[in-house]
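A.B. asks: If you're matching them up, the sequences are chains A and B in order.
Here the first sequence is numbered in our numbering, starting from 54 and rising by one per residue.
Here the second sequence is numbered in our numbering, starting from 16 and rising by one per residue.
Derived from the structure by calculation, the hints contain no laboratory data.
Backbone N, C-alpha and C fix where the C-beta goes; we use that ideal spot for every residue, glycine too.
Hints are not guaranteed to be accurate.
[Said to hold, decoys possible] Here are the simulated DSS-like pairs of lysine-lysine, each with C-alpha atoms no more than 30 angstroms apart in a straight line:
(1) A:Lys254 / B:Lys255
(2) A:Lys327 / B:Lys265
(3) A:Lys260 / B:Lys90
(4) B:Lys265 / A:Lys79
(5) A:Lys137 / B:Lys100
(6) B:Lys279 / A:Lys254
(7) A:Lys134 / B:Lys255
(8) B:Lys103 / B:Lys93
(9) A:Lys79 / B:Lys93
(10) A:Lys253 / B:Lys99
(11) B:Lys103 / A:Lys260
[Said to hold, decoys possible] Residues of chain B clear of chain A, computed beta-carbon distances all greater than 10 angstroms:
(12) Ser44
(13) Asp67
(14) Thr92
(15) Gly105
(16) His216
(17) Asn253
(18) Ser271
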Amino acid sequence: MLQTNLCGMKLRNPTILASGILGVTKESVGRIGMAGAGAVTLKSLCHEERSGNANPTMFGYDDVFFNAVGLPGQGIDNALKDFKTLKGFSVPVIGSIYGYTIGQFGQVTKKMASLNPAMIEVDISCPHMDYGKPYYADPELTAKVTSEVKKNSGKIPVSVKLSPNVYDLKEIAHAAEKAGADAITAINTATGMSIDLDAKKPVLANKIGGISGPALKPIAVRCVYEIYDEVEIPVIGTGGITYGKDAIEMIMAGATAVGIGTGIFYRGINIFKKVCNEMEQWMKKNKIKNLEEIRGIAHK
Amino acid sequence: MEKDNCFRTEIPKIIEISEVVNEGKGQNSFFFRENIWAKPGQFMMMWIPGVDEKPMAVSYWNKSEFAITSQVVGKFTKKLDGMKKGEKIGIRGPYGNAFSIKKNACVVAGGVGVSSVSTLIDSLANPLIIYGARTKEHLIYLKRYKNKNLKICTDDGSYGKKGFTTDALEEQLKNDKKIKIVYTCGPEIMMKKVMDLCNRHNVECEASLERFMACGFGICGKCMVNNKILCIDGPIFNTKQLSNMSEFGKFARLKSGRKVTLEKYHSTPT
């Protein structure tokens, strides 16, 4: 009922662990697989080892979750030794990569590709990095990064992860598709801040961070809706998915698969099973046999 | 245990330090008038605005107040050590699972690890406590435990018996067949030896582990030990779980997520 085909990957269901939540170690992949995810995206890796920001790096209240972890990661070279391969897990594994320069995006992609992930996701959109000018904010830069990654990814499909913090997302999604992207992941977090009244300071050590959780969902649904109109390639709709109804909404906006990350904070690691069960219940009640029937239906 | 409690609040709450008690050289307990309902073995995330946020064991607890006990090891604990009554600090938690509370227990504590088992000791009926530290200067809570069944050892023999907690435990397990469970917290190499001794003598064991953490609620993925998420599956693990952890007593992950030896982990500043 929930089987999903994403760029040739056969997923048992459309829920994908979003990058940045767990996904640091080999064994966490198995753990998320057991929790019911259709695929797992690793935490982003770049050309060097990074420790990330001081704490607090994440916290949440009500339906808002903040993070500014500062892209910690062991670096692609250590990851090659640690993971050895990304094949042979119970679920497809998506390797998330980034670099500081366009050349580094290519180098990291080449190394990531040697691990044989089911897909490579390109993080051009993490709002915390000081790139000078962010790649996500400019269609030309997005295209440059995408084609550099495609040059180095071999046969592995590439999804470009976009940010909502831009003026015209359609233009950027279009640029990514034109440059060869096989899919779009939308969206990364929206930027925000929380100030503690007693400490009289921003709570995040980095001051500014990314907002995720249920509060991000309407923004993500809007972005996926816009991108679906603009491109032919599949969209992995990510942002605030907490319940089955959220996933259905995202698919109605046009998503092929859905990313779940912060939802783990709200519903525990088995959120993948829970969301799938809720989706199936909804589909049975509404006599929907497969997700194709409702994908992008909100556009009709 | 599955969480499904939309919507949670996990944001630091700023509270005042109500009292600072010097426990020993470079070791202070910070008390807070706040009811946090912490079970033995649980920890809090403590935030010093502008510095950092770290997990700290709840070392004293009753219905109206709790404390954490610090030992200066890095930037965060150095800053904490200088804080006075009335100064403010952010707290969130408690987090993690708890020790089981069983009869005929022995508690083996090494160094600053004693603060992670102190509320357990308060909850157990007449436990045997084997407590070791490098020197007399490093021992804390001696007054607190003066009426307890306490065996002390120091590496240099400056107080109690000269030697290691594991030697004292081995002797005890050989001669005392009443012990049914050993609870432990201290250097991981010590806890590994404690677990091995327990296995040899067919005694249950629970150990409190430590890893670098960012969130405390199971999503950042930094504190993983094999397939266990330490902050929600642990920090307390039993013999069966520990026996399946190939990384226990050997490896830990740096803030970057890179797996290194425990020695390297402890010598890397966070």
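A.B. asks: Hints first: check each against the structure and report whether it holds.
C.D. replies: Taking the hints in turn, this is what the structure says about them:
1. Restraint check: the Cα-Cα separation between A:Lys254 and B:Lys255 comes to about 44 angstroms, which exceeds 30 angstroms; the hinted pair is violated.
2. Note on A:Lys327 and B:Lys265: the hinted pairing is violated, with a Cα-Cα distance of about 36 angstroms set against a maximum of 30 angstroms.
3. For the hint linking A:Lys260 to B:Lys90, the alpha-carbon distance of about 20 angstroms falls within 30 angstroms, and the restraint holds.
4. Proposed proximity of B:Lys265 and A:Lys79 is supported: the alpha carbons are some 17 angstroms apart, at most 30 angstroms.
5. Our distance criterion of 30 angstroms between C-alpha atoms is broken by A:Lys137 and B:Lys100, whose separation comes to about 52 angstroms.
6. Restraint check for B:Lys279 and A:Lys254: the C-alpha separation of about 34 angstroms exceeds 30 angstroms, so the hint is violated.
7. Proposed proximity of A:Lys134 and B:Lys255 is supported: the alpha carbons are some 29 angstroms apart, at most 30 angstroms.
8. Restraint check: the Cα-Cα separation between B:Lys103 and B:Lys93 comes to about 16 angstroms, which is no more than 30 angstroms; the hinted pair holds.
9. With a C-alpha separation of about 35 angstroms, the suggested pairing of A:Lys79 with B:Lys93 is violated against the 30 angstroms cut-off.
10. Between the alpha carbons of A:Lys253 and B:Lys99 the distance comes to roughly 19 angstroms, so the proposed pair stays at or under 30 angstroms and holds.
11. Of the supplied pair hints, the one linking B:Lys103 and A:Lys260 holds, its CA atoms being roughly 19 angstroms apart against a limit of 30 angstroms.
12. Every Cβ of chain A is farther than 10 angstroms from the Cβ of B:Ser44; the closest lies at roughly 22 angstroms, confirming the non-interface assignment.
13. With a closest Cβ-Cβ approach of about 5 angstroms to chain A, B:Asp67 is found to fall inside the 10 angstroms limit, against its non-interface label.
14. With a least beta-carbon separation of about 14 angstroms from chain A, B:Thr92 lies farther than 10 angstroms from that chain, consistent with its non-interface assignment.
15. The claim that B:Gly105 lies off the interface is violated: its Cβ sits roughly 6 angstroms from the closest Cβ of chain A, which falls inside the 10 angstroms cut-off.
16. Residue-level check passed: B:His216 sits 30 angstroms from the nearest beta carbon of chain A, beyond 10 angstroms.
17. At roughly 19 angstroms from the closest C-beta of chain A, the C-beta of B:Asn253 stays outside 10 angstroms, upholding its exclusion from the interface.
18. A beta-carbon of chain A is positioned within 10 angstroms of the beta-carbon of B:Ser271; the least distance is around 5 angstroms.
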